[in-house]
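Residue-level listing of the chains:
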Amino acid sequence: MLFISVLKSLKDRKLIIIILIMIISLTITIYNTLNLSFDSLEKTYNDYLEKQNVEHVYLSVNNNYNDLKYQDIDFSLVDTSLKKTLLNFLYNPNTLSYFEVEDIKKLLDKMDVFKTKQIAILKSLQAKYHFTYELQQNKIIKQKKNNLILFNLKENKNINKPKLIKGRWPKENGEIVADKSFKINSTYLINQKKYKIVGIIYSPVYIYPMINVLNSLEDRVIYLTNDDFNLITGILNSGFAIKFDNYKRKMDFNEDNNDIRIKLLKENNIDYNIDTITRTNRVNYLKQEIENNRVLAKYFLTLLLGISIFINFIMIKKIIDSEKNEIGNEKALGFSKIYIASSYLVYPIVTIILGSIIGLIVSSLLVVPFTNLYGIGFNIPITNYVFNFNYFKQIIKFYLLLPLFTMIISFYLVRKKSLSLLKEGSNIKVNILTKIINRIFYLFPFDYKFKLSLAFRSLGKLIVIIFIILGASLLIVFSLIISNLFNQIVDSSFENMKFKYLIIFNSSLTDSEDGDYLFNVTGSIKNKEEINVIGIDNKTKYFKVTDKKINQNEIVINENLKNKYNLKLDDYLIIKIGNREYKYKIIDVTKGNTEIYGYVNRLDLSKKVGYKKIVYNEMYSNDNKYMSMDNLPLTKQDKISTILNINDLKNNLKKQMKNLTASIYFITIFSLLITFLVIVVIAYVIIDENKTNIALLKIMGYSDKKISKLVLNIYTPFIFITYFISIPIIKEIIKLVINDIEKQLDMVFLVTISIPQIILGLIILLGIYFLAIRLNKSKLEKIPLEIILKESR
Amino acid sequence: MFLKTVDLTKIYKNDKIKNVVLKDINLEIKKGQIVVILGPSGSGKSTLLNMLSSLDKKSKGYIFYDGKIISNLDFLKTRFRKNKVGFVFQDCYLLKHLTVLENIILAKRLSKNSFSCDEVIEMVNLKDKLNLYPHQLSGGERSRVSIARAIIKNPEILFCDEPTGALDEENGKKVLASLVNINKMKKTTIIIVTHNQGIALIGDRIISMKDGQIISNRKNKRKNPLEINWG
Amino acid sequence: MDLYKLENVSKAYGNFYALKNINLRIKKGEFVVVLGPSGSGKSTLLNLLFGITKPTNGNIWFNDKNIVTENKEFLRKMRLNDIGFINQDYNLIPTLNVFENIELGDNKKNSLKKEELINLLGLKKHLKKYPYQLSGGEKALVCILRALIKNPQVLIGDEITKPLDVNNSRHVLNILKKINQTYHTSIIIVTHDKFIASLASRVIYLKNGLINTN
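Chains as they are written, first to last, in the working numbering: chain A, 1 to 793; chain B, 1 to 231; chain C, 1 to 214.
Isolated chain A, as found in the complex (with noise of 0.2 Å):
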C-alpha cells in the first residue's frame, strides 16, 4: 500500500518526473545508438572487406635505386651511351651531378627492372608467409580538378574486386564503370576519347576517399576493360596487391614486428613507400574513424552517464526530502524502516523503466539514420544495421546504482526520530559560513545579502548545486572544445598564409615575377621517412614560416615532425637529399599537423641540389589571373604542373574531418539539451525550497518581478564561479582523450580554448539558465499565497 501511495505520488510531480525520464532516456539513447551505429559501420565493413576480398598490404613496385645490383639488370636493352653512367650509378654514384642521376632513374623506371625483381621475390615468399598476391595497375590522369585513376579490370578479378551496386558490368571495349560520382549510362570523356558509364561501383580500395591535401584533387575512379587500359595514357603505377591467407587485420601500418605484414616486408629488407601507407590508410580509416569516434563517445558517453546519474540522484533525493512528513507518519504508524525506505525505490525503478523503454525505442528508430550518416564520408554500400542489447546491459547497470543511493537516503531519513520528522523545519541552525558571509557582505545592499544567505542556507545544497551547474558546464566547455579542434587543425594549417594560389611548375624555373617563390625538393630522413625541403627566401610577401633569418644548412621544422622525432631547437637534423646527406640546424618550429616538411633557404638547396644560380618550382601569388589556367598564355601553361586555390585546400581538408564533426555535432546537440534539462531542474529546485519565502514576499507586497529577481537570481554568481571553474577540468579530460586519439591518428592537436568561445559557452550556459528560469516562472506565478495563510478548507 505504501508503493502504491508513492506511486500515486508521481502524478504530483509530473515536471520532475518528466524531467528525470528523459535525461535517462536520452542518455540511454545517445550510448545505445552511437555504439550501435559503430558496431553497423563495422559489420558493414568487415564483411565488405571479406566479400571484396580486399588486399592486406599494398606494395608499389618500389623504385629503390640504392638497393638495386647489377645482376638485376639486364644490360643488353641499356643503350651504350648510358651505359657507363649507368655502371657508375651502381659503384660509384657521387661522381655522378643530380641531373645525372635523374636521367638514370628514368632509365631504370621505363626498363620494369624493378616490377620483375619484384615477382621473384614474392613468388619465393608464398610458401613461408601464405599469401595471395596480384600485379594491379592504374594509370593517373589530371583533369581539371580531378586525379582520375584508372584500374584494369582484368587485375581486379581475385583481390580488391570492385562492388557493382548499380547497372552492369561492361561487355565490350568502350565500356566503363565508375565510382558514384559519375552518372550512369552517361558518356564521359577521357583524353578525347568517349566512353559509356555502364555501371556504377565502389572500389575497395578508395573505401576513404582520401585527398591529398598538397594537390589538393579528388581522385575520382574508373574501372576500363584490359584492352580499354592498356591503350590509355597516363602515369602508370604498378604493385601488389597482397593478401594473406589468415591474418587479422590491422588499422595502421606501425613498424610493429608482430604485424605479418611488417614481418614479410622487414624480413626480407622490401622496401614499401608512401603508396603503401596511402593505399593501407584508405583501406582502414573506416576502421580507425569507429575506434576515433568510439574513444571520443566512450569519455562523452561517461560524463554524460555520470552526470545523468548525479542528477537523477538530487533530484529523487529531493522528492524524498519533501516527503519528510509522510515517513514521520509512517513511521509513527510502526512501519519497519526498511519498508518504509524501499516504497521510494518506485521514483528510480518507474523512471529507469520507462526511460530505459524510451530509450531503446528511440535508439531503434536512430540506428538506421545515424549508420547512414556515418557511412556518407566513405565509398561502402552499407548492408548491415546492428541492433542488442549490449550496450542497453553496460550502462542500465551503472542506472542500478540509482536505487541503491535511493535506498541508502532515504534509510537515512527514516532513521531520523519520527517526531523531528514531523516538525516543520522553522528551527533551521544557521551554519558557520552563512554567519561569515554575512559578515563579510556587511555593507552590501539588502538585496544581496537576501541572496547570498537564501544561497549558503544549505551547504549541502549549495554544493549539489554547484555540482550541477558543473556538470552542465562541463557537457557546454566540452562541445566547445571538440568542436573547436577539427576547425583549428584546418585554420592553423593556413594561418600563415595569406595568398590565393601556389603554382606548381613542372620543372625548375629561374625568372621571376610578383609573387613569393619556393623550391620545394623531396628529401628523406634516415634513408626512410619523406620529408619535403621547401627552400624560401627570407622576405615573403604571402606567407610567414619564422621571424628568424634562415641560413645556410638551417631549417625550420613544422610541429608534426618535431613531435615525431621528439626534436628541439638547436638539435642536428640529417637529411638526404639526391645522394647526399646533409646536417641542418633546427632553429625555429612552424606550425602544421600534417605531413613532413621544414623550411631551408632557397639560394643554399637550389646549390645543394646542383644548380649555380637560384632556381624555384613552386610560387605563391595572389594574381587573379592564376584564378583559371585558360587565362594564362600558352608557354605559360607549359610550365605549370598545378594550381591550387587555397579555398579548395580549405575546404578539402575540411571535407576530410566532416566525419569526426559528424558526431561531435551530435554530442554538442544531445549537451545541451541534457544541460537545459538539468537546469530546468535547478530552476525548479530553487523556487520549489523557497516557496513559503515567495508566497511571504508576495503577501508583503513585493511584486513578482521583483521576487524573481530576488529568488530565482539566489544562484546566478555561483553560474559564474562555477563556469570558470569547470574549464581547466574540462581541458584535462579533453587532453586525455585527444592522447588516445592522438596515438591512433598521425597528428597533433592543440587542446585550447579561445576567450571569444569562452564568452560563447558562458552566454549559452545563462542563456539556457535564464530560458529555464522563465520556463519556471509561471510556477511561481502561481503559488497561492495561501501558503501562508494555511488556508484549511
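Some hints could be false.
Cross-link-like lysine-lysine pairs, in silico, BS3-like; alpha carbons within 25 Å at most [what the hints assert, rightly or not]:
id : chain 1 : residue 1 : chain 2 : residue 2
1  : A       : 709       : C       : 108
2  : C       : 162       : A       : 691
3  : A       : 706       : C       : 109
4  : A       : 709       : C       : 109
For the record, the hints were derived by calculation from the structure and aren't laboratory data.
Please build the complex by placing chains B and C on the supplied structure of chain A, with the hints as guidance.
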C-alpha cells in the same frame, strides 16, 4: 498497573540553554481507561505523551509498560509502536495519495489480529466516504479516518494529541464520541492530550499540567461527549 | 472613518459557503479580534481582507476603495504600503539575522524609525541573532516589527500566539496594544484563543460563516 512512570524528566538543550520541559513526573494509568491530560500550551503535556508513546527519548526516569521497562533503546525500534500503540494527531497526517479505504488498509497490514475494515469504518461512521481522497474530506472526517487508521490494528493503547484541536464543536464532538465508542467496544486504553477543559470531562481520569509538572490528578465520572459543554 | 467596510460579503467554495452575507465595519485605529473555531470562516475572511481572493458576492471597501473591483497591481501596492502581516509560523528567513529580517519588511517609503521600534519591542540585544537562537515570543516580536516597520495602516495577524505559552502570549499582545496606542495602527487579529479577545477593543465572533451578534 498498565502504564507507569517514575521520576520522568525531559530536558531540551538548545545553544547551551537548558530547558526542563518535564520534571519528575510520577503517573499511573489503568488498563481500559480514558485518561485526559489537560494543560495550556507549553505545559509539557505533548512532551509527556510523546515519551509515553516512545516517539521521543526521555532524559531521566523510567517508564513501565505492563511491568516491563521501556528503555530509550525501545524508542529506536518500531516494534512497540507497530504492535501495541496507535496514534491520533491534530494534523491527521493521512497519506494524501491514498483514498480513505487505502489509508485504513495500510495500517491494517501492520497487525495480525487486526479488526476488519467494515467494523472500524462502522465505529467512526465513514461508510460513504471510503473512496474519497483526504483533500476531499472535512477536518472532522479526516480526524475520524486517522482514528480508524489508529484503531484498526487493534492497539492496546491509543494516544491522541489534540484530536479536536482543528475542529469546530459539532465535528469535535463526533470525533470524541467515536473515541468513547471504541473504548467501550474494544476496552482500548485511550490517552488524550488537550487544552480544552470541556473535553476533559469525557475521561475516567483527568491529569492537569503546568510548567512541566502535574498539578492535579483526579478521578472523574465520564460524561457523554455529546452532552459536554464545549470550551 | 472606516478602514474596512464589508457589504453583504459571501464566499463560496463549490457548494460550501465559508462566509455568508457578512456585514462588517472596522474603524481606523481599532484593535479588533476575530474569534472563532476552525472552519468558522476565519481564514477566508483574512484572504478577503488581504485581497488575495475575491468574494463570490458583495463589496469590500478599504479606505473608500472597493478592492473587489481593483486590479492586481493596486492590491499588491495596498499590501506593500498599507497592510502589515503577522502569520502564525512567523516565517522569519532563517539565514538572515534579526536586523536583516526586519529590513525585509521595509519599503523605504514612509517607514518608521527603526531604533525607536526596536527599543519599544525590546529587541535591541537580539539584533545580531539568527531566528533559531530566538525564543518563540522573540520570533513573534521580530515578525511584528517586520510588519510594522513600513508604518502600515493596519496590522493583520493570523493565530499569532498559537506557538506561544501563556506568558509569552501576554507579552506579545501587550506589545501589540502599545503599538496600537502609540502609532494608532489598526490591528486585526484572527484567533480561536479567547484570552486574546480580552485585550481587544472589539471582538467579532465568527461561527459557521456568520457573524455571531452575541
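Structure versus earlier hints - violations, ascending order: Hints that this structure does not satisfy do not exist here, as all of them hold.
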